[in-house]
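Student: Build the full structure now, drawing on both the sequences and the hints.
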Amino acid sequence: MDLAKNSLLYLDGVAVSFDGYKALRGLSMVIAPGEMRAIIGPNGAGKTTMMDVITGKTRPDEGEVLFAGSTDLTQMDEAAIASLGIGRKFQKPTVFESQTVRDNLVLALQGDRGTFATLFHRLTGKEATRLDELLETIKLQDRQNELARNLSHGQKQWLEIGMLLAQEPKLLLVDEPVAGMTDAETMETAHLLRKINETKSVVVVEHDMHFVRELGVKVTVLHEGAVLSEGSIDHVANDPRVIEVYLGR
Amino acid sequence: MLHSARRLAARAFAPLLLTFGLVLAVLAWLPSAAMAQASIDAALEKLTTDSYSDTIDAVQAIAVSGHPRAAVIIQALQGGQLAFSAAEKKVYVRVGNDLQEAGSGTAPATAPADLADVRANNRVRGIVSAAMGSLTLLNPDPARRLEAAASVLKSRDAAALPALDQALARETDPAVKAAFAAARAAIVLNKTDASDNERVAAIDLIRKRGGQDALGLLRGLPADTPKRVKDAAEAGAKVVETQLALWSGAQNVWYGLSLGSVLLLAAIGLAITFGVMGIINMAHGEMVMIGAYTTFVVQEVIRAHAPGLFDWSLTIAIPLAFLTSGLVGVILERTVIRWLYGRPLETLLATWGISLILMQAVRTQFGANNREVGAPSFMSGSFDIGHMSITWGRLWIIVFALAVFAALILVLKRTPLGLQMRAVTQNRSMASAMGIRTPFVDALTFGLGCGIAGIAGVALSQIDNVSPNLGQSYIIDSFMVVVFGGVGNLWGTLVGAMTLGVINKFLEPYAGAVLGKILVLVFIILFIQKRPRGLFALKGRSVEA
Amino acid sequence: ATSAALSAQETIKVGILHSLSGTMAISETTLKDTMLFLIDEQNKKGGVLGKKLEAVVVDPASNWPLFAEKARELITKDKVSAVFGCWTSVSRKSVLPVFKELNSILFYPVQYEGEESERNVFYTGAAPNQQAIPAVDYLMSKDGGEVKRWVLAGTDYVYPRTTNKILEAYLKSKGVAEADIMINYTPFGHSDWQTIVSDIKKFGSAGKKTAVVSTINGDANVPFYKELGNQGIKATDIPVVAFSVGEEELAGIDTKPLLGHLAAWNYFQSVKNPANEAFIAKWKEFTKNPKRVTNDPMEAHVIGFAMWVKAVEKAGTADPDKVIDALPGIEAPNLTGGISKMLPNHHITKPVLIGEIKADGQFDVVWQTKGLVPGDAWTDFLPGSKDLEADWVTLKCGNYNTVTKKCGA
Amino acid sequence: MITSFLLKGFDRRVTFAVLILAVIAVAVPCFNLYLPQNHPLHVPTYLVQLWGKYAAYAMLAVALDLVWGYCGILSLGHGAFFALGGYAMGMYLMRQIGTRGVYAHPILPDFMVFLNWKELPVTWYGFDWFGYAAFMVMFVPGLLAFVFGWFAFRSRVTGVYLSIITQAMTYALLLAFFRNDMGFGGNNGLTDFKDILGYNIQADTTRAGLFFLTVLAVILSLILASAIVNSKLGKVLLAIRDAESRTRFIGYRVENFKVFVFTVSACMAGIAGALYVPQVGIINPSEFSPANSIEAVIWVAVGGRGTLVGAVVGAVAVNWGKTWFTGAFPAYWLFALGALFVLVTLFLPKGIIGTLSSLMARRPAPAGTLNPKPAE
Amino acid sequence: MLTVSNIDLFYGAAQALRSVSVSAKAGEISCVLGRNGVGKTSLLRAITGHQPITKGSIVWEGQDLGRMPPYERARRGIAFVPQGREIFPLLTVRENLETGYACLPRSERYVPDEIYDLFPVLKDMLWRRGGDLSGGQQQQLAIGRALVTRPRLLVLDEPTEGIQPSIIKDIGRALEYLRSKGTMAILLVEQYFDFAKELADSYAVLDRGEVVIAGTKDEVDPEQVRAKIAV
Ligand SMILES: Nc1ncnc2c1ncn2[C@@H]1O[C@H](COP(=O)(O)OP(=O)(O)OP(=O)(O)O)[C@@H](O)[C@H]1O
Ligand SMILES: Nc1ncnc2c1ncn2[C@@H]1O[C@H](COP(=O)(O)OP(=O)(O)OP(=O)(O)O)[C@@H](O)[C@H]1O
Ligand SMILES: NC(N)=O
Ligand SMILES: [Mg+2]
Ligand SMILES: [Mg+2]
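Protein chains in written order, with the numbering used here: chain D, 603 to 851; chain S, 725 to 1269; chain F, 81 to 489; chain R, 7 to 382; chain Y, 851 to 1081.
Covered, in the sense of this in silico footprint (three residues per stretch, anywhere, with C-beta under 8 Å from a C-beta of chain Y), are these stretches of chain D:
1. 751-765
2. 780-786
3. 840-850
Straight-line C-alpha distance at most 27 Å; calculated DSSO-like pairs for lysine-lysine:
4. K694/D to K1019/Y
5. K962/S to K288/F
6. K124/R to K252/F
7. K200/R to K476/F
8. K797/D to K820/D
9. K1263/S to K624/D
10. K878/S to K222/F
11. K222/F to K450/F
12. K254/F to K124/R
13. K814/S to K352/F
14. K1263/S to K694/D
15. K878/S to K314/F
16. K131/F to K402/F
17. K180/F to K200/R
18. K1254/S to K624/D
19. K336/F to K878/S
20. K962/S to K281/F
21. K200/R to K486/F
22. K466/F to K124/R
23. K476/F to K421/F
24. K228/F to K954/S
25. K973/Y to K1263/S
26. K915/S to K288/F
27. K450/F to K770/S
28. K200/R to K402/F
29. K814/S to K438/F
30. K438/F to K770/S
31. K878/S to K288/F
32. K352/F to K362/F
33. K878/S to K282/F
Incomplete in silico selection of chain R near chain D, CB under 8 Å:
34. M7
35. K238
36. L244
37. A245
Quick caveat, the hints were computed from the structure, so don't treat them as lab data.
Beta carbons: idealized from backbone N, C-alpha and C, even for Gly.
Tutor: Written out as structure tokens, the structure is:
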């Protein structure tokens, strides 16, 4: 129980099935406040499904999902969970296509999300500065007034990362952030995440082993909906079961 | 005997009594030919006054005249083949294009100039058919005897008892025999001079027979009926009532399914153009209408050139309606719809425009009025299952709707074309990259949806107006059905249509047609709250994204 | 719409306000053609007051507010001298204020629920006492089958509801018990009649002679009659007498199974009368269609138009205000052999005919009133209106209360 | 706060439109009332009334564009809100008739007298007072929209499912209002109005005044709608329109936003209906007919979805076309109108205003591809 | 043999490709590299016919493809694995594969076993809807689906995106195998440089819509390429 109390995110025995197919089978995991965790695992292991469960997109059939030791996430909807401070970047980049890059970020900026608050909202100087910072981070300053639909695949990835940052969540769930990025960008992203981790907790899913190594954090390996192995990157990379199902020879 | 028969016949409740009078007269007393001739001549003269009451007197007189041509004359009147000349005071029977003098059967030298039909109104027709029916208690055709039994059951007249007893004694066919027995029981039950035991036995028999008529009989006893009989009748009525309630449940299901099949037919084409292709096809109803007009044209051509084929008219119309509506669909797809893929909401605007154009085109070509589409003989009439009546037309429509549905499912799920259709509508550019000729498949899919709507038009022409507005009256229901069932799921459309049909038919008797319809709409609204993606919702990641 | 061949000085314009599209086009298109035909005929005779008549046709598209808009357009923009138009009561209600405001003339040719008499409107169709009540009287007579049990089936709107209310009161006054009256309403365009027809069948199987009085309107009729045929309800068992089914409607139905069902109107195409035969012949010629039928509302326009022409000639001007005053008292022959007269209440005198459906889609007239029945704007069978009287000649009032002796009070 | 909020509404397009509308609002009544009949600029009363009707339609279109164009809620039932507003106004006008009805009943409207009603139904209480009626004009449609939206949006009914249940709603109301038992005049509806706030409803001055008020209402609704869509809430609406579930994941309560615009829009539609009724002189159940609501959607599409000003232009253009066609070619006008709709979709894919503004921005539409974005 | 010469491509007014030339030969793997948004995908869309070009030519097996629609190109042996997978979401895995039959003669309408050998997961999931698969599974399906058409030119847009390391290796081996058959030209767009380097027979590096480095693996220094991408 202590484990749960002192954790930021606590999953215990989470099971999800779709029309009989068991995507998660008793997944348990604990993320401590301020921790960054890398999650790897074969295609179809259930990584994205796990994030769906945490963010309220999918209701688990069984198991406990607690945030900050006590908040039961399984009883809340997406918006409520997001307001708790859990932000997410999707595996397939999803941005608001018919709005400008800048407006995408404005929407994501932290702030009161109430109906009337947004109706009468005016952009403060602080917010504007923050926007410029973010645009610089994601290298889209010169495209800030373009519609998001005109971005290339990789640029959308960046924009989505920017939106995640704009929310300033307590916990960031990042699903395959470097897919479609060049090696150099991959490294940059790793640094970015590490910097963020100074103040926030991060859960990152990736298949890029260089990237995971660069993060230098504890790694959890999922397989068939449950934890297969956990530990440092070197530990899991040498685990024969991980090599068998995931890394290959 | 004759005398008493005549006196009875003169009474107000004449028709059936007269019938039995005739039977008895024939059986018991053969009048001399001369007397018959005299009475029929007097009667025939009455037919030339063009007055309904004279006609009724004449029919009654002819019926009891015993004249050899009596049946011919009455039959002619029934068939509208009896004509008269007021100037000559003569009556003629039309036989094809020839005339026969009614009394003699000889052909007149010249046809009279002022020949006019002997007219009949409902009252005359009632008496005529009773007179004709009189012969049928002993008719060689068992079906006719059954009808005769039914009419006796309805009349419950004690005077018919002896004839009925006689017929009963001779009867060999068990079904007819049962019917005769029931008719007899109906008479006995209402006969004040029958013994209580006889009447209770009759009640028993009627109760066993059951049905709406039985209920009417058991509940409609005269006021002076002894208590014992009354109680027995009431007990019997209760039994019949429960049984009828069950049957009426079944009947409602049947009505519901048959309404459902109409909804299904109307919606199924839309399940393709809207459900599969995502086109908000407001012109769907007009495709149905075009199918109905195709049926009309086919029937016109058949009527004009090959009347013998009339019973085949729908069979011929089905492929033609499919092709006509389908072709219109293909043309529309190639000229308008194809520019709108990826802009589904704009298809609403364009197809609405198309619908206006098609409606007005049909109005200009065929006029604003309803057009007559007839029913082939195999779709007319009805039969009974227990105490439930099933009309052939409705039965065929259900069968037809299910057949169309099955065919469509097969095409979509089991043929390469079906796979290509689904692939194209799910991701047009990727389908193209896989080598699928998307323009061809698009045109064909839209054409298929429209063609099926056209087929629906053939069936709907049997139960509804064939007018330029035909489509408008189905478009809303069609969308409701497709959406209620779950967009993109054909099975949903089937189950949705049947569910809405049955619900509607169960609400209607309690709430009335108007409130019933309102309640069905409210039901749909509430149901969608529970299942926001319809009855058979598509599930899974791609849908929820 | 104006054929601008003649300048406004030389012609008298006549507005035609009938739906040519939408749900009512089915009924109203024919009336537009009738008016064109009548105007054509009149022009052949030299027009009116030495001027040619000019038809102005617009399409109010079965849309009630559009009726008002189009009426206003006809009167103010096209400056027509009179308008012939409308079918449904709601369309008439919609244009009424316009005609009153702009003081023009409307000839309304369709049977309706009554309870109205306006200075600017001339009602050439039947009031309830010219159709519904005689029809019921006939069914209660020996020839009509001495009906004891009644189904009042109608479309759920004002005309059927009012008519049925009047009929219910009337039947009860004739000693019919509550239990022997079944009232049923259906929505516009109702197409699934299975339940209702089987209910009627049930209601009629109680041993008493039963009849259906149908105020079912428009498109719903075809499926209704088809279902009657399918379920084998014959006129000799349960006759149906309809108030809104005429030759035009029957043209769209296979009438063989409907033999003997009835309709009550003030005119049938089959009426044997030289004037009628001449009219039918010319009509077929005008429409170039030998199968084209005629019907009651057409005859109403024939009478109304003839009256208007006479009134214009009497007044010596087509000015609506003068013509309105000239119209009451004008007589014009109807097509059934009588002379109809415009009454001070702006309704006319008409014969009432009962016809049975024949196999060829025509009606066989089986009964008719001895003379002409004057149309009654305010029915005597409803408490609210039995004291009211309309008289635009002496009282100059459409709703004079005979008890309080005041207009509109 | 409110003024600075409303000022956001004045973007270039709206400001331009507001100016033009303001000129029309003043000029048309003046030209009607103060210029002699034979003056070339004189506006006949029937045109004042006709254009007043178009203005009411335009307001309905703006309301619809707000929910459809910006939030992706394709309501096929907006005619119901319009009609409810219209009925509220009609009931007020009906009560103003007083003893001038044909049966001269001091309280009951004519149709109640002749259907034998003995007393005024509760639903009619208070409608003799204009303030109450004016309140109900907004309150009834607003409440219906709020309740309907509350349930539907909470249950996450979206897309065509929502469209179809809004259609079911208006269809059910159509059938209900047809029934005489409802006490709203059945099929004939409410008509034969005499005066409004003591002014004769048929007087030219009243007509001109109503016209002015209606155009003013259009102006206000344009500004309000524009302010809403230009606010941050407007961006949230767009986000919901394009990716509803994504919007949830960044913490917005989508259902609240939807209920908010849906209700605001319904109130607007109700006011439009209330302004419409005294000008056309009748309100009856056919206003609930699903086809009317679809037509309103079509006005918006013709003018340009998601442009607000386009809604005004579309409503006026289509209705003016209808007026003209039905008079000029009564037998063929449906061909013309139908063709208009087809041609607009094919050649002006963003509607009149949408296409105009992209032309002015000199940004040619993405070339060539029929399907730039493959379906997901 | 595919020869793309001097093509220009526009999105509205924005130019995405400027006089780009690349080529691909049977039995070789040609790699296109570049940072985000430089026009790699645009180039492939031009080749497969999803986006029209305004200048230049694309010649395949001696024929100028001009404005030929994508399905005609597919019928001429060009198969496409797009970025973002583009699975038919409501078709089952099997049906997704069978869409490839459209450009095959009746006798060849089957799914070659090699595909299941390469991606065993597909075999287990034949009856699952494509849209329900995980991202990596979808990517495997997209590659398998392209192979069903027995292409002579295989165009792949970042095929390793989202795929687990062991399968990336398998894909690499598969591409080598396909190359070794000698009948198929392969055009590969990649960001994962090490993977590309292993396979590439020739390089084309794009920057801002222009080819900045081009040549065979012998002519071009891989480190130079890596540096160019890293800028
Ligand atoms: N809605 C669904 N219906 C059926 N199966 C599903 C559904 N959602 C996920 N699955 C299955 O659940 C499993 C886990 O999927 P998930 O997306 O979580 O995998 P993943 O670990 O994120 O894989 P990848 O690395 O490829 O992204 C997969 O086998 C997938 O096919
Ligand atoms: N549909 C479009 N409309 C307008 N501009 C577009 C469109 N698609 C791409 N672009 C722009 O064209 C340029 C090239 O895009 P492309 O998708 O070809 O890049 P890419 O090299 O594939 O990038 P990535 O590695 O991110 O996939 C980018 O700047 C992008 O913003
Ligand atoms: N007046 C009628 N028939 O509506
Ligand atoms: Mg995943
Ligand atoms: Mg790319």
